[in-house]
Amino acid sequence: LSMAIDQFAAPEHRDAYRLRVAQACEGLAAQADPGSDHQLAFARVFVGNATTNAQLETVAGLLDTTITWSGLKIDTDLRWSLLHALVSAGVRGEVEIDAELELDNTATGKRQATRALASRPTMGAKDAAWDAVMHNNALPNTIIEATIGGFQDPDNRDLMEAFVDRYFQELPSVWEEQTMEMAQDITAGMYPVYAASAELVAKTNVFLDAQTVPSMLRLVTEGRDGAERALRAQAKDM
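Each residue of the sequence shown is one higher than the one before, starting from 4 at the first, in my numbering.
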């Protein structure tokens, strides 16, 4: 549902859709049997779509345990989801991420912290994530994947335009320097799908015309096709 809104809804309707989804799921979570899978599912969708100040205050309260929902267990995984929502909205930052990592100093916790750091809505955070993915050959695949996930946070779409040209300029070097598997993951993962526009499609076509690496061509073509699908869907949502 969140992906449908983030990619396929018309830009002018996204906030309204997310508001309706968050409001509905907050209410459904309150009505669900305490501690049930349904309650947890509704809570997760609420957290993933919280956008208003009041909703984000609820998310923060659930994380800080100043707000409780009867029966809802705030386990480690849900704590990270709550923190991710707050970080991508600019409400929490590096200090809180570090504190959460101290509570969950595991391989999974490190991946979650990496993703959260990359999802901060600042150009500095995006630049750091970009450099880690595109230029650091020493990072483990799991950390690269987590960084991509945070970099591509749809809440940060306004920052994505700055990286469109860089994607096409720097991608060939990725294929020269990275393993085949990692180059494929980076190509697909870093395609600027949340910056979908006719201009992005045109730039993609120019890039494709100049390249010869089959795997890269296939993955970039798939990225372009995804952008075109998003644009067609957005055009219908008027």
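Errors might be hidden in some of the hints.
[What the hints assert, rightly or not] Label pairs and their in silico Cβ distance ranges:
#1 T55 to V204: 15 to 21 Å
#2 D67 to H16: 38 to 44 Å
#3 T69 to V98: 27 to 33 Å
#4 A201 to D101: 28 to 34 Å
#5 T55 to V209: 23 to 29 Å
#6 D67 to T224: 43 to 49 Å
#7 D161 to D240: 17 to 23 Å
#8 V98 to A57: 35 to 41 Å
#9 R221 to D134: 33 to 39 Å
Keep in mind the hints are simulated off the structure, nothing from the lab. By construction, the Cβ of each residue, glycine as well, lies at the ideal position given by its N, Cα and C atoms.
Quick rundown of the hints versus the structure:
Here the CB-CB span from T55 to V204 is close to 33 Å, at odds with the stated 15 to 21 Å. For the pair D67 and H16, the beta carbons lie near 32 Å from each other, so the given range of 38 to 44 Å is not met. Remark: the range hint 27 to 33 Å for T69 to V98 is contradicted by a beta-carbon distance near 18 Å. Roughly 41 Å separates the CB atoms of A201 and D101, a value that falls outside the hinted 28 to 34 Å.
As the Cβ distance of T55 to V209 is approximately 40 Å, the hint placing it in 23 to 29 Å is violated. Range check, D67 to T224: about 46 Å between beta-carbon atoms, so the 43 to 49 Å window is met. Separation of D161 from D240 is about 19 Å and conforms to the stated range, judged on CB atoms against 17 to 23 Å. Distance hint check: the CB atoms of V98 and A57 are about 24 Å apart, inconsistent with the given range 35 to 41 Å.
Hint check: R221 to D134, Cβ distance near 26 Å, so the stated range 33 to 39 Å is violated.
The structure shown violates the earlier hints numbered 1, 2, 3, 4, 5, 8, 9.
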